[in-house]
Structure formats: structure tokens, C-alpha cells
Amino acid sequence: MFQFLQNLGKATRSSFAKLGRASFFLSHTLTGISDVVPRPNLLIKQVYSVGVLSFLIITISGLFVGMVLGLQGFNILSDFGAEESLGVMVAASLVRELGPVVSALLFAGRAGSALTAEIGLMKATEQLSGMEMMAVDPIKRIISPRFLAGFLSMPLLAALFSAIGIMGGHLVGVGMLGVDDGAFWAQMQASIDFQEDIINGVLKSVVFGFVVSWIALFEGYDAIPTSEGVSRATTRTVVNSAFSVLALDFILTALMFGDI
Amino acid sequence: MANSASPEDNIVSISNLSFSRGPRKIFDAVSLEIQRGKVTAIMGPSGTGKTTLLKLIGGQLAPDRGQIHVDGQNVHRLKPRELYELRKRMGMLFQSGALLTDMSVYDNVAFPMREHTHLPESMIRTLVLMKLHAVGLRGARHLMPNELSGGMARRVALARAIALDPLMIMYDEPFTGQDPISKGALVHLIKSLNTTLGLTSIIVSHDVQETAAIADYIYVLSGGKIIGQGTPQELQQSDSEWVQQFMHGDADGPVHFHYSAPDYLDDLLASK
Numbered sequence: 001m002f003q004f005l006q007n008l009g010k011a012t013r014s015s016f017a018k019l020g021r022a023s024f025f026l027s028h029t030l031t032g033i034s035d036v037v038p039r040p041n042l043l044i045k046q047v048y049s050v051g052v053l054s055f056l057i058i059t060i061s062g063l064f065v066g067m068v069l070g071l072q073g074f075n076i077l078s079d080f081g082a083e084e085s086l087g088v089m090v091a092a093s094l095v096r097e098l099g100p101v102v103s104a105l106l107f108a109g110r111a112g113s114a115l116t117a118e119i120g121l122m123k124a125t126e127q128l129s130g131m132e133m134m135a136v137d138p139i140k141r142i143i144s145p146r147f148l149a150g151f152l153s154m155p156l157l158a159a160l161f162s163a164i165g166i167m168g169g170h171l172v173g174v175g176m177l178g179v180d181d182g183a184f185w186a187q188m189q190a191s192i193d194f195q196e197d198i199i200n201g202v203l204k205s206v207v208f209g210f211v212v213s214w215i216a217l218f219e220g221y222d223a224i225p226t227s228e229g230v231s232r233a234t235t236r237t238v239v240n241s242a243f244s245v246l247a248l249d250f251i252l253t254a255l256m257f258g259d260i
Numbered sequence: 001m002a003n004s005a006s007p008e009d010n011i012v013s014i015s016n017l018s019f020s021r022g023p024r025k026i027f028d029a030v031s032l033e034i035q036r037g038k039v040t041a042i043m044g045p046s047g048t049g050k051t052t053l054l055k056l057i058g059g060q061l062a063p064d065r066g067q068i069h070v071d072g073q074n075v076h077r078l079k080p081r082e083l084y085e086l087r088k089r090m091g092m093l094f095q096s097g098a099l100l101t102d103m104s105v106y107d108n109v110a111f112p113m114r115e116h117t118h119l120p121e122s123m124i125r126t127l128v129l130m131k132l133h134a135v136g137l138r139g140a141r142h143l144m145p146n147e148l149s150g151g152m153a154r155r156v157a158l159a160r161a162i163a164l165d166p167l168m169i170m171y172d173e174p175f176t177g178q179d180p181i182s183k184g185a186l187v188h189l190i191k192s193l194n195t196t197l198g199l200t201s202i203i204v205s206h207d208v209q210e211t212a213a214i215a216d217y218i219y220v221l222s223g224g225k226i227i228g229q230g231t232p233q234e235l236q237q238s239d240s241e242w243v244q245q246f247m248h249g250d251a252d253g254p255v256h257f258h259y260s261a262p263d264y265l266d267d268l269l270a271s272k
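Line by line, the protein sequences are chains A and B.
Take 1 as the starting number for the first sequence in UniProt numbering and just add one per residue.
Take 1 as the starting number for the second sequence in UniProt numbering and just add one per residue.
The following block holds chain B by itself, in its conformation from the complex (with noise of 0.2 Å):
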């Protein structure tokens, strides 16, 4: 991508972003940049609207305030066309795959290439047979998602992503719920894709030890603010309590380990 016409190092920028869900307010004035070539990190606690940020940056939710410009483009001044032909230039990977189950993994991972070029049949399926090598499962072709595990299901699912080449890819909470196995395999290809296919990752995750193993860069979220951002190095060093808490998965410490509530002793001897 050193050759792109546009000079901006930064495939996605991120500026005053403001969004709320009802009267909660997600994203407070959030300003992040995402440099090309990268996998920068996106982390916070659960519930802190990390998957509600990659559906913003998909121009799948409209932001209340704010801009969010992808490879150069305003997200939500594209027309539905204009967004569409982005969206090919952006893979998503779904905490739960977002496999089409009525589908076996051969044709789910055809199936973008098969909506959006005219290939011939021959072409797609050594497409389909390099993508689903790459992430090891050329033998599980046959199978339908329902036979597939969680991690098969996920790494199914990258080889989708990655079906059109795409400039850049967003993993939803990609090492929830893996084994470590799974999570080691998950850890090294999305490593190993960025790096051999030119990509950019976002990864949206709030497990500490394998992103901080793979990211370039780290945003932490919460609250709807950013209150941490910098290298792994930086943040296991950083001098914020909080980001200190959420790095080293301690119990107790700015964010309270009780959501708030009365007084225990008044509650429990209330009555009714």
C-alpha cells in the first residue's frame, strides 16, 4: 500500500465520534486513528460498545455526531452504492462467524466471490481452496457449519474475509469462547495474514495476553472515552490506575468489582 495515491498513513480516522443507544451514550467525543499496515487493538470491558465502534466504522450504524472516513472516504456521505463498494474493500469477522448455515464451508467461503465476480467455477474453487489452506482447513470443505467447532467455525469465517482480498480486516472478539489451541492458531494467523497479505487488523477484544501478544497499537476504551492508547509496552507500563487494572485483570480497583447499589446492610435488614 506504500504506492497509495493518497498520502494519509491512516486507512481509518476516527474523529469526534459521539453515538448513543437510547438515553446511554456510547462514544463520547472518541478521536482514534488506525494506521495501514498495522493490527492496532481496540480493548475495554464488556458492554464499553467495541463491536457498536466496528459496525460504525462498517456504516452499519450512523454516528450522532462526528466523522469516521475509511481509506479516504466519509463512511456515512457514501451512497448506498458508494458504501457497498467499500464494504468489499473491508472484511468483518463476527464474534459468532455469521456462517450462512445452509451452506458447507466450500461455498460459504465462495460465496462473496460468487455475488461479486463473474469467475469462472474452476477460478473460485482454487480461490476457495487457497483461502480455506491458509487458514488449514482445505480438508473440512465438505462440512456444513453446524459440524464445524467454534475455532473451525472462526477461522471459516477469516478465510470469508479474506475471499476479495480485502484492504483491511475487523475482528469482533476474535479469541472469546477458543481453547487455548484454537487461540494460539487465531493469535498466529491473524499475525501472519497482516503481514503476508498486506492487510490492516482491528481487533476488537478484551482478552489482554494474546492481543497485547499481536497488536501494533492498543486504544483502550471505557466509559465511551479513550483513556489509554500506545504501544503493549507502553500500557503494561502506563501510570493509569485504571488501564493498570484492565491490563493485569485485577478484581477490585477503579472500576468496582459491585455495580453500584444502597448501602448492603441497609439493603439486606430493608423490607419490603
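Chain A with its partners taken away, still in its complex shape (with noise of 0.2 Å):
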């Protein structure tokens, strides 16, 4: 029992000192981002590395989630006679909640994992306590672009996942299982408001490319710069992520639809 105990203090203690670590990590991080805006070619080559490489997954699964979702919705709607209301339901649930979701959960396995074992290698291989002694800040240096590249990708992957999505609702739904064309758009149109819709979208797409972006690249350069300490950090990136994003998102949908 007293071991017990111990144990959840020591473990308390260390969950708060990692909590501590990754804020001020954070905020020197942030301040380092005015040093990024003069030297845009080292945010673009981030941009290509974690958001254009993102592209193909993105798409592939935008597809078939809206495909999929076409396909579910279309039994539960024409129960009702309702399967004009294809094109809302299929874009609502796309842009409100799976657009930034599934595609947070995926950059963090697609982008996040390997900016942590990125980071984690530079810090084993000596590149980062290099960079300190030739008077350069790893992290104004290294940390800080691939920060605001994953910043920015993130809500840019949201809206690409999707429209894409909607694409592959109206593949399925209007290509092969007969709603009418014009009332999938029209429906959507409708209904679906910018302020309401869209703009939480994004919001909570934002919010998540902050937070994965943060725990892979913390994680990243908190890592034991073992083998074993790396792939440890890119498993914790992963799970992190995934966690936070799904709890996160409950809260903003709370907070933004919920009427708690």
C-alpha cells in the first residue's frame, strides 16, 4: 500500500515536471517564430515535408470516409424518405467533426511520428547540442518552423479531407445510388452555415495542428536520445496525440454546439 502510494507520487511528480518541461518548451518555441517570418525557405521545405507529404493519405481517406458515410447515410435516410438530406448530412458531419478529427488523427500518425523520430535522431546523433555550440538555438533553428508548418497544414489538411469527403459522399450517393443531383447541393447549401459550420470547423482543426504539433515535436526533443528512447517518444506521439485530439475535440464541440 505505501509502495503504492509512492508510486503515485513519484509518477505525479514526474507527469508535472514533463507538464512544466513542455511549456516553457512551448513558449520558447512561440518566441522563436519571429525569428522564422525573415527566412521563409526554411518554413517552405517544413511545409513540403509535413504538409504536402501528408496530401496522399489525406485524399485516400477523405475519399472513403465520405464514401462510406454516403453509403450509411443513404440506408438510415431512405428509412425516412429522406435521402435528399444526403448532401447535408454527408457534409455537416464532415466539416463539423471528421474533417478535423480523422485528419488530426492522422497527421499525427503521418507527420507527427516523424517529426518526433526526426527531432529524437538530431538530439541522439549530437546535431542538436552541435547546433548549441556553433551559437545557433535548435530550437529557434529547428524547433520553431516545423512548429508553425504543422500549425498551418493542419486546418489546410482539415478542409482538404473534407471536400474531398463530400466528393466521395456524391460519388456514392448521387453516382450510384440515385439521390437526386441537385437536391444533394441544394440541400447542403442550406443548411449548412458558414459561421456555424465551417468556421468551428477550422477552429477546432487550428486548435488541433497546435496540439499535435506541440506533443510530436516536445516529445521529439524530451526524448532519451537512445534507439529505444526514440521509438519510445514516437509511440507516445502517437498515443498523445490521438488522446488529446479526441478529448479536445469533445471539449470544442461542448463549448461551441453543446448547449452544457
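Please keep in mind that the hints were generated in silico from the structure rather than gathered at the bench.
Where hints are given, some of them may not hold.
To be verified - In silico DSBU-like links for lysine-lysine, alpha-carbon gap of 35 Å or less:
(1) Lys88/B / Lys55/B
(2) Lys25/B / Lys140/A
(3) Lys38/B / Lys55/B
(4) Lys18/A / Lys55/B
(5) Lys79/B / Lys45/A
What the hints assert, rightly or not - What the simulated footprint calls covered on chain B by chain A, stretch by stretch (three residues with Cβ under 8 Å from a Cβ of chain A suffice, anywhere in the stretch; the number is not a length):
(6) 97-105
(7) 111-120
Where a beta carbon is used, it is the ideal one built from N, C-alpha and C, also for glycine.
Hints given; two lone chains; assemble the complex.
Here's what the structure looks like:
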């Protein structure tokens, strides 16, 4: 019993210490962003590796998610004779929830884990330490551009995911199941609200982009510089990002749409 | 450096330095001086904290007690900005080379110049080629770090360390894991760079022969203390048994071959 309490205390203390390090790291990263602005080349390179290279997985996943939504939605809606509302259903679920959430999860798996492994290996091979000794701040030079790239890419990737998903839903609903084309788009246009749906969805993906980039970069920077340490850090990035994204999604949804 | 404002002849002076990692004491009230323009070696067996000492000098770690002055400045009293200014005057050669793996040899050497100066690309090109020529790798400028042999990587790192014409260079185990030819090349380079560029060199190493060949002065560290110092000749003739064992590489002596363990026979016969 005593041992248990002792371990619990130790774990609590170490997780608070980690939270402290992570906050310090974040503030250092954010102040470093001002140094990225005059050097857009650093950012462009990272937007390519973080954002552009995630295009394929986001596009393909978006297409399939949209197609599944089209199928399932049609089955349920046709029971009530409301197939024409398929467009609204597909668009609302994508723009409000699935777009930001699923693309954030994919982003954590594709780009987040890559960032953690990259930074962790740079630490393990003394590249970060070497930079410090060359009087170059590794957080400003390495972390800040990557953070900014992740933060900027995420909303764009989520928007792409939603757009492709809607096309997937259209493909199945209109193309294969015979929903009326005009009704599909018209109902969507009439019911999807710019402020309520689209802006809130974008806000969600902005928050997710911030959190996932932060977690991924911090885990890499904080990794124990061995092969095992880097592999654990990469796992933690995916697990912690997924957990944070889903928990935050609930909180944000409650604030935005709920009457709690 | 003869006309330096400071009459101080030592570029680095460490006084009363103590440092522990967890419960393990790595340095216990160590004091040492490193003279300007000389090659000073810090030797000792693996795990005596030689690399830690370099990190303390470079301000990457903070001591528990004691002071380190580099070029007249107390390293651990400096503000981050001042520390970075000081680091521009220190070069460090890491054991692994620590080259940036996503850049070519050329860009690695150009990196400190691009970060710290506003020189035009044409001048950077001239400087990079000069630095690479000095280490004999001008022809390898288009290679990526993963295409280099260990010895070449270390020479590129050396070219990068001298990119900003520092006052001093710290070498972390420069000879470890090198073939005889690379070792010879590095020995020659360290010595010749020290003379031609008017540098001060600090070598941390446990390769007695190579280090003794170029060092002007050697400190021998063990168990967190300096247990011997002097010119290579003086150390060869030292009457300390420990220094003798280290300099000659004897397997047994004051430092036992066996890690401390219970009696062998008891251990074998003991049941779990």
C-alpha cells in the first residue's frame, strides 16, 4: 500500500515536471517564430515535408470516409424517405467532426511521428547539441519552423479532407445510389452555415494542429537519446496526440454546439 | 593573441569545479588551467566525465560548485545571448561529428557562416572551399554526411568548427574508432591548425600515443580528480603508479581489471 502511494506520488511528480518542461518548450518555440518570418525558406521546406507529403493519405482517407458516409447515410435516410438530405448529412458530419478529427489523427500518425523521430534522432546524434555549440539555438532554428509548418498545414489538410469526403459521398449517393444531384447540393447549401459549421470546424483543426505539433516536437526534443528512447517517444506522440485530439474534440464540441 | 587586452595567459581557467549526476560525483573540486596557443590534453579512462567537462566549458551544463572562466568571462554567469556570443569563439568537434544529416558537406561548413554572418554567397563559397581545403576534403563538398567515412566526417566537422575562426577548439575523443591513416591525418591536422590559425586546442582523449605526440600539456583525470599533470615527457616518467598504468595501458594495476564484485568462488558456489 505504502509502495503504491509512493509510486503514485513519483508518477504525479514526474508528469508535472514534464508538463513544466513542455510549457517552457512551447513558449521558447513560440518566441522563436519571429525568427522564422524573415527566413521563409526554412518554413517552406517544412511545410513541404509536414503538409504536402501528407496529401496522399489525407486525400485517400477522405475519399473513403466520404463514401462510407454516403452509403450508411443513404441506408438510414431512405428509411425515412429523406434521401435528399444526404448532402447535408455528409457535409455536416465531415465539416464539423470527421474532417478535423480524422485528419488530425492521420496527421499525428503520418507527420507527427516523423517529426518526433527526426528530432529524437537529431538529439541522439548530437546534432542539436552541436548546433548549440555553434551558437545556433536549435529550438529557433529547428523546432519553430516545424511547429509553424504543422500549425499552418493542419487546417488546410482538414479542409482538403472534408472537400474530398463530400465528393466521395456524392460519388456514392448520387453516382451509385441515385440521389438527386440538385437536391444533394441545394440542401447542403441551405443547411450548412458558414459561421456555425465551417468556422467552428476550422477552429477545431487549428487547435488540433497546434496540439499535435507541440506534442510531436516536444516528445522528440525530450526523448531519451537512444534507439529505444526515440521509439518510445514516437509511440507516445501517436498515443498522446490521439488522446488529446479526441478529448479536446469533446470539449470544443460542447463549447461550440452543446448547450451544456 | 599576444596583444590580447587581458594579461591573463589562460584562455580557460577552472577553479574548484564540482559536478554530480544523480548520486554519482563526476568532478570533485577540480581546478585546471588551459594556456592560450597551446594544445592541452585532458586524459583519463572512459566514464571519467571528460566529455562532461567539455560541456561544462561550453556552458551546456552548469556546475554544482566552482567556476569556469573562458576568455575572461564566467561561463555560467552569462546571459543566454552573451553565452551564444562566447560560443561563436569556441569550436567543438563532437565524437560523432554531429554533422547535419540533411545537408551536404558544403552546406554543413557554410552553416555557421550563414547563421551568424551576412556575407554574400560568393564569399561564403570562397571561405568554405578554404576551410575544406585545409582538411583535405575540397573535392568531397558535394557528398552527403551518410556518404562519408568516419574519418572524413570528423574532418568535415573540423572544417565546420573552424568556420568562424574561433579562439579555441575542443576535441571530444578525436581519435576514437579511426583507422591508423585517419588517426595520423587528425594528429597532423590538430597540430597544424593550432599553429597556423593561432588557436588553442583542448583534446579530450584516452588514446595515449596520439595525444602525447601533439599535446603540450596533459591533465590526467580519474575518479573526479586530477591525478597527474605535466608535459608528456614528465608524465611518462611519473612516479604515480596510476599514471604509469594509464600511460602504458597495463591491464591490471591500481585500476583493477575486475569491476568490484564478491569473491569469485563464493559467487560461483552460491545458490540463487
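Do the hints match the structure? See the list:
1. Lys88/B / Lys55/B: Holds: Lys88/B and Lys55/B sit about 15 Å apart, inside 35 Å.
2. Lys25/B / Lys140/A: holds (33 Å)
3. Lys38/B / Lys55/B: It holds: about 20 Å lies between the C-alpha atoms, which stays within 35 Å.
4. Lys18/A / Lys55/B: Holds. Lys18/A to Lys55/B sits at ~23 Å (cutoff 35 Å).
5. Lys79/B / Lys45/A: holds (32 Å)
6. 97-105: holds (count 4)
7. 111-120: holds (count 4)
Violation of the numbered hints given earlier is absent; every hint is satisfied by the structure.
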